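Chemist: Each chain, written out:
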Amino acid sequence: MALLLLTLGAVSGPSAQAATSASIAASLSPNRLAARSALTVTVDYRNEALGEPSPVVKAVVRLPAGMSLDMPSLHSCTAARLMTHGASGCPQRSQLGHGHALAETLDGSQTLRENISLRVFLGPPENLSPTFYVLAQGTTPVQEQLVFSGSVRSDVAPYGERLAMSIPAVPSLPTEPDASLANLAITIGSNTRGRSHGLASIRVPHSCPAGGFPFAAEFTYLEGARGSALTKIPCPR
Amino acid sequence: MGALCLTAAAVPARLVAKAQEPAPAAHAARTIALSETGHLHLTSRHNFTLNEQGSATGTVNGTIYVHLTAVSSSRVTAEVNIYAHGSSISARGEARYRRAAGSASFSGSISIAHGSGSYARVHGSGLSFSGTIAESKNDAIAVHLSGRVSS
Chain A
1 MALLLLTLGA VSGPSAQAAT SASIAASLSP NRLAARSALT VTVDYRNEAL
51 GEPSPVVKAV VRLPAGMSLD MPSLHSCTAA RLMTHGASGC PQRSQLGHGH
101 ALAETLDGSQ TLRENISLRV FLGPPENLSP TFYVLAQGTT PVQEQLVFSG
151 SVRSDVAPYG ERLAMSIPAV PSLPTEPDAS LANLAITIGS NTRGRSHGLA
201 SIRVPHSCPA GGFPFAAEFT YLEGARGSAL TKIPCPR
Chain B
1001 MGALCLTAAA VPARLVAKAQ EPAPAAHAAR TIALSETGHL HLTSRHNFTL
1051 NEQGSATGTV NGTIYVHLTA VSSSRVTAEV NIYAHGSSIS ARGEARYRRA
1101 AGSASFSGSI SIAHGSGSYA RVHGSGLSFS GTIAESKNDA IAVHLSGRVS
1151 S
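So the sequence lines, in the order shown, correspond to chains A and B.
Position 50 of the first sequence, counted from 1, bears residue number 50 in the working numbering, the numbering being contiguous throughout.
To convert, count from 1 in the second sequence and add 1000; that's the working numbering.
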């Protein structure tokens, strides 16, 4: 698995001086041209001035041109089923990926942390473009379940597609402010290696641009500030 | 599903005459340039498939059916049927798919899978296939097919 950790982080908008910054990393498994792969994207948020990052309300991840999500089974799920029945309410083959996140809340001088599991499902199409849902579940210190949605759109070079997500508030303890995401990692697709037909996977392009496959992410934070980050996956050898 | 059907009236008379004759032992293939435009409306959708019906004009005038299925976030498969005067041609293909705000487009190639009636022997591959999907018009699509087919 090839991994190249973040590069740039930039912020703009309100409160930019005390803004949250983000860094991203991406990896493919396998990292091979024309392969059906699993793509893992990790994001770390930090705010040196305040000690706790601002809550993220919108995230956009831009994938390199030619990289796409293969959906051979075409099973989808709905937000209502996820909210009512959890992951078991959706067809197994509607699952696109999984991951985890760490949410934090400042409680006086103490930081409360909650580990959250993430599962990603294919949602109903918009036109013929896929949508997806992320089921987020945490148990300690707060038992909670959130479902938020995202869409896939075409992008402009050097990117091919953009995944946009609206992220709801992450509740914390009563009387405490909503939690902030400190980091998250999501893996989309599976490394099928020709065995598991019908599972979604990331199709790696047939060629690699000079310098590697480019990824970008853009974030909007609760107070309106925006940030961005870039990374690349090295070309397969 | 999808078929590309050529109406007899739109095909050169010699091609029609040839197609209606008993099959000769040695058949000399003829080619014609096909350029077809279809304007369709959505009749149903099932998961990642749009089923559409409309009218085809150009080399052939008839009724056209298109079934578009997304197989990835950037590719669709297509089945096209055109019917006219009791004959039909079916075609299947694949296209790249792009979606921006409010509309989507696709572009790729398509091949004739089979024909019936006057077009039972029509065949061709690598035909150009492109179109748009208008979300503001309930996913109505416009398609264009062009290339050379043999009979």
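Some hints could be false.
Under the rule of at most 25 Å between Cα atoms (straight-line distance), these lysine to aspartate or glutamate pairs were calculated in the DMTMM-like manner [unchecked claim]: (1) Lys1137/B with Glu126/A; (2) Lys232/A with Asp70/A; (3) Lys58/A with Asp44/A; (4) Lys232/A with Asp155/A; (5) Lys58/A with Asp178/A; (6) Lys1137/B with Asp155/A.
Derived by calculation from the structure, the hints in this document are not laboratory data.
Small disclaimer: the values here were computed from a predicted structure and weren't measured.
Chemist: Take the hints in turn and mark each one as holding or not.
Modeler: Okay, the hints, checked on the actual structure:
Restraint check for Lys1137/B and Glu126/A: satisfied, since their Cα atoms lie roughly 14 Å apart, inside the 25 Å limit. With a CA separation close to 21 Å, the supplied pair Lys232/A and Asp70/A stays within the 25 Å bound. With a CA separation close to 15 Å, the supplied pair Lys58/A and Asp44/A stays within the 25 Å bound. Under the criterion of a C-alpha separation no larger than 25 Å, the hint pairing Lys232/A with Asp155/A is consistent with the structure, at around 17 Å.
In summary, the hint linking Lys58/A to Asp178/A is supported, as the alpha carbons are separated by about 15 Å, within the 25 Å threshold. The hinted pair formed by Lys1137/B and Asp155/A meets the criterion: a straight-line CA distance of about 23 Å does not exceed 25 Å.
Violation of the numbered hints given earlier is absent; every hint is satisfied by the structure.
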